[in-house]
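K.L.:
Chains as they are written, first to last, in this note's numbering: chain S, 1 to 189; chain P, 190 to 514.
In case anyone wonders, no lab produced these hints; they're calculated from the structure. Computed from a prediction, not measured in an experiment: that's the story for all the values here. Where a beta carbon is used, it is the ideal one built from N, C-alpha and C, also for glycine. Any given hint could be a false lead.
[Said to hold, decoys possible] Here are the simulated lysine-lysine pairs, DSSO-like style, with alpha carbons at most 30 Å apart:
(1) P:290 with P:513
(2) P:385 with P:375
(3) P:241 with S:138
(4) S:139 with P:513
(5) P:241 with S:76
(6) S:11 with P:231
(7) P:352 with S:86
(8) S:24 with S:11
(9) S:139 with S:24
(10) P:375 with S:139
[What the hints assert, rightly or not] Which chain P residues stay away from chain S? Per the calculated CB distances, all over 12 Å, these:
(11) 227
(12) 230
(13) 237
(14) 377
(15) 416
(16) 437
(17) 449
[Stated by the list, open to error] Listed next, with one range per pair, are the computed distances between beta-carbon atoms:
(18) P:354 with S:132: 33 to 41 Å
(19) P:255 with S:29: 35 to 43 Å
(20) S:108 with P:480: 25 to 33 Å
(21) P:340 with S:29: 27 to 35 Å
(22) S:76 with P:395: 50 to 58 Å
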Amino acid sequence: MATLKFLCDTKRCIECNGCVTACKNENASALEWGINRRRVVTINDGKQGEASISVACMHCDDAPCMAVCPANCFYKTEDGLVLHNKDTCIGCGYCLYACPFGAPQFPKSGAFGARGKMDKCTFCAGGPEENHSEAEMKKYGSNRIAEGKLPMCAELCATKSLLAGDADVVSAIFRERVAYRGAKNAAWG
Amino acid sequence: MNKLFKHLGVAFALLFSAVCFANGGEQAVAQASDAQMWAQLKDGAVGYTASKSEFHGQAINTYDLRVLDLRADWLAPALMAALFGMIAIFIVFIKINGISKLHHGFSGKMVYRWSKADVAIHWLGAIPCLLLILTGLVLLAGRFFIQPYLGEGVWAGLVNGAKQVHDVLAIPFMIGWLLMTVLWAKNQMPKMYDIKWFMVVGGYINFGPFKGKHPDAGFANAGEKLWFWAFAIFGLVISVSGMLLLFPNLFEPSRNLSLLALILHGVSAIIICAFSIVHIFMATAMSEGGMECMVSGYCDENWATQHHNLWFDEIKANGTLKYKE
Ligand code: HEM
Ligand code: SF4
Ligand code: SF4
């Protein structure tokens, strides 16, 4: 089985926010006002060393959100994706505290701005409802994985900075790029 | 590589390899600046983003991932032990040791001890406290100890119910805690004779060298004082950390502060829970005639002389001794 991952090549990201828009459009049925499953962060904006990176849930191997959730509503798919069950989620916010990437988000609902059900990137893989059912559309959005397609954000990235797919394939593409750019002896890590 | 990378595995490896490899073989300057960016992101650099969601300006938040293991592997079982373990220990203890009877039986003369208001604030704090322990236990340890025995629907209902009840009862608990702490502290100051009380475990042990001992005690005995101050201190910790978790919009804690609050909340819960079990056993089962104090506010005269001799002598001497009509 494949292990699906995102990878963002910061040398190519031009902060166009195409991925953000693609995600919003693709998953509109599930997204409440103010939720951004994907975002582009630019550090050193307008200064030397400016760089942009597109961030969403990284579908961690040993996911902190999964470890901390009191309702235990996360599950790992056979493709290595980290998805969750909104019917079980209690909106406690622990996953937001634990996630290194700020992926979990909450619609404000109820008195005193209490948190609603957590929402995050699904890798366009829907959720625990029947594939393409109305319930899945409403709670989790699109399910492109079930159709054999990759997430909309990566598919629509104009510079192919954002890559999504099998971890081995994605990193092979990336290594090739690095080699082409001439990074023979500049590899880090 | 630090511990964080190891834990997050491929996700990090890919994210960073993008950043690290990408500096190409260009110039030393470019390399230096990319290494810098790598370091900046890792150190939690905050940049510009069009998203208005919480914390979205920061690509990566770093913290010690061991807090997750601490909570799952230590705090969750410890809270189970503080509740069920303590109950088991107490049942065995009472079976072996027996309870503390009134040597001269009930006198039937009831001595004024607590005002109606005192009894009321006791229960204002105590009833929510019990339910907060039970609902908190579901939140902290439920997924390990309860969920495996339930279907998904029942579990979802239980954990959601626990959260809702916990959120609401936090408020009366805090009012009760504050009133008890402020109004009762004057009777709970440590005295020299408290040390002697501890030396003979309050005279509750019915065998060996402890048998038949009756240490001095004022209005509150040394054990009650210990419970009072533990409740005052950890009640404060649990209230402050709970407020951070309950009203994030009001206090806007950082994610790491919230995780710290979660840990402190759990530790305080364990301590308060263990003490509560002891307290409840002492009041209901262990000390004959003790429960009456928090029902009517009066205690039997024989109970007063046996368990709180110095207090009884004092009110008798200064004329504040009052009997029930
Ligand atoms: C005797 C008093 C209390 C006990 C024994 C208790 C116990 C607990 C425990 C064990 C947890 C789970 C922690 C975890 O999952 O790591 C928890 C969660 C929580 N507690 Fe408490 N707690 C008490 C009082 C309070 C108070 C006074 C407040 C608020 C001011 C509060 C607010 C919360 C919140 C907001 C959570 C997170 C889950 C949720 O959103 O309901 N607690 N508590
Ligand atoms: S929500 Fe955060 S912690 Fe959980 S898998 Fe996604 S990136 Fe990892
Ligand atoms: S908000 Fe929902 S998904 Fe996140 S930790 Fe709480 S119950 Fe789990």
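K.L.:
Evaluate each hint against the coordinates.
P.N.:
Taking the hints in turn, this is what the structure says about them:
1. P:290 with P:513: Roughly 22 Å separates the two Cα atoms, so the pair holds.
2. P:385 with P:375: Since the Cα atoms of residue 385 of chain P and residue 375 of chain P sit roughly 21 Å apart, the hinted pair holds (cutoff 30 Å).
3. P:241 with S:138: holds, 23 Å
4. S:139 with P:513: violated, 63 Å
5. P:241 with S:76: holds, 28 Å
6. S:11 with P:231: holds, 17 Å
7. P:352 with S:86: holds, 15 Å
8. S:24 with S:11: Answer holds: residue 24 of chain S to residue 11 of chain S is near 24 Å, not above 30 Å.
9. S:139 with S:24: holds, 14 Å
10. P:375 with S:139: violated, 56 Å
11. 227: violated, 7 Å
12. 230: Non-interface label on residue 230 of chain P violated, nearest chain S Cβ at 7 Å vs cutoff 12 Å.
13. 237: Violated, because the least Cβ-Cβ distance between residue 237 of chain P and chain S comes to about 5 Å, which does not exceed 12 Å.
14. 377: With a cut-off of 12 Å, residue 377 of chain P remains clear of chain S, as the shortest Cβ separation is near 34 Å.
15. 416: Non-interface label on residue 416 of chain P holds, nearest chain S Cβ at 28 Å vs cutoff 12 Å.
16. 437: violated, 6 Å
17. 449: violated, 9 Å
18. P:354 with S:132: 33 to 41 Å: holds, 37 Å
19. P:255 with S:29: 35 to 43 Å: At 39 Å between Cβs, range holds.
20. S:108 with P:480: 25 to 33 Å: Given range 25 to 33 Å: violated, Cβ gap about 45 Å.
21. P:340 with S:29: 27 to 35 Å: The hint (27 to 35 Å, Cβ to Cβ) holds, given that residue 340 of chain P and residue 29 of chain S are roughly 28 Å apart.
22. S:76 with P:395: 50 to 58 Å: 56 Å Cβ-Cβ, so the 50 to 58 Å window holds.
When each numbered hint is compared with the structure, violations occur for hints 4, 10, 11, 12, 13, 16, 17 and 20.
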